[in-house]
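Undergrad: What follows is the residue order along each chain.
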Amino acid sequence: MARVVVDVVMKPEILDPQGQAILGALTRLGIEGVNSVRQGKHFELDVDDDLDDATVTKLADTLLANPVIEDFTISR
Amino acid sequence: MGVSVRVGVVTFPGSLDDRDAVRAVRLAGAEPVPLWHGDKWLADVDAVVLPGGFSYGDYLRCGAIARFSPAMESIIDGARNGLPVLGICNGFQVLCEAHLLPGALIRNAQRRFVCRDQRLRIERSGTPWTADYSDGQRLVIPIKNIDGGFVAPKRVLDELEGEGRVVARYLDGNPNGSYRDIAGICNEAGNVVGLMPHPEHAIDPLTGPSADGLGFFSSVLTSLVQA
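In order, the protein sequence lines correspond to chains A and B. Just so we're aligned, residue 1 is where the first sequence starts under the working numbering, counting upward by one. Just so we're aligned, residue 1 is where the second sequence starts under the working numbering, counting upward by one.
Check before you lean on any hint, since a few could be wrong.
Said to hold, decoys possible - Here are the computed lysine to aspartate or glutamate pairs in the DMTMM-like style, where the Cα-Cα straight-line distance is at most 20 Å: (1) K154(B) with D48(A); (2) K11(A) with D48(A); (3) K41(A) with D58(B); (4) K58(A) with E73(B); (5) K144(B) with D71(A); (6) K144(B) with D181(B); (7) K11(A) with D147(B); (8) K154(B) with D71(A); (9) K154(B) with D181(B); (10) K41(A) with D147(B); (11) K58(A) with D48(A).
Quick caveat, the hints were computed from the structure, so don't treat them as lab data.
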């Protein structure tokens, strides 16, 4: 068994209203020095040892992320 | 006439406005055919409506899971061969996720669920779903969405504008931050239309702000009977 992590985040050129809301909340908490926040998703997959990178990329690109608006990174 | 036009309306787990769409189809004079998401067979319908709602609870992304249903396999295939498909709200999201339409729908810019009667302008009457309208015609149609912001890369937006594929635009205030105030678009062939507002909720003055939405359902009847 192996563990694969896929992190998905909105492309920088796409408006991220939720990130903006979080940034606003940080200000209200009195925390300074944070200039922007982008919200994303973190997927943890337990996979068979022989599940190859191409398959993980395919599932990330097809289901976990929408390539029109999101970028993803894979780590093992 | 004697010809019965059959319009399928798909129900996904979590679809909300499927029965309203069925009612709209019936009122327009066509025969509504309920279609189950789990069935590949589309009952030989002449057109398909993907209704509004919260398929799969909007889990992962709106429409991201519904897009892989057996019914959608057949619909994607049919759409590529000219089958008229109208995606309303969640249906629009499914069409974008299925790559039958470009772009994507994201969280409303103002971060609030918006539920109101919205003024729209029909930008293109030349689709099977808008043939009963005239270019520039103004409508009042309810919208209800939290993830209704249409976005696409600039290149794609310019392409949509240049090719006349913006089908409807918001007037008097953009309710969700959609780029270029786009409320609806179509594919290159014009048979697939995605629309954020809900025409099925504006088909008679008793249950809606107007009957302005009926044209979407009667258009496909007209287009198919003439074909």
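Undergrad: Run every hint past the structure and note whether it holds.
TA: Right, here's what the structure says about each hint:
A C-alpha spacing of about 41 Å is found between K154(B) and D48(A), which places the hinted pair above 20 Å, so the restraint is violated. A distance of roughly 30 Å separates the Cα atoms of K11(A) and D48(A); the hinted pair therefore is violated under the 20 Å criterion. For the hint linking K41(A) to D58(B), the alpha-carbon distance of about 14 Å falls within 20 Å, and the restraint holds. For the suggested pair K58(A) and E73(B), the alpha carbons sit about 18 Å apart, so the restraint of at most 20 Å is met.
Using a Cα cut-off of 20 Å, the hinted pair K144(B) and D71(A) is violated, with the two alpha carbons roughly 28 Å apart. Annotation: proposed proximity of K144(B) to D181(B) holds, straight-line Cα distance about 16 Å (limit 20 Å). A hinted pair counts as satisfied when its Cα atoms are at most 20 Å apart, and K11(A) with D147(B) qualifies at roughly 17 Å. Between K154(B) and D71(A) the alpha-carbon distance is near 17 Å, which keeps this suggested pair within the 20 Å criterion.
Proximity of K154(B) to D181(B) is assessed by CA-CA distance (about 14 Å); at most 20 Å being required, the pair is judged to hold. A threshold of 20 Å between alpha carbons decides the hint, and for K41(A) with D147(B) the separation of about 17 Å falls inside it, so the pair holds. For the hint linking K58(A) to D48(A), the alpha-carbon distance of about 16 Å falls within 20 Å, and the restraint holds.
Hint compliance for this structure: hints 1, 2, 5 are not met, and every other hint is.
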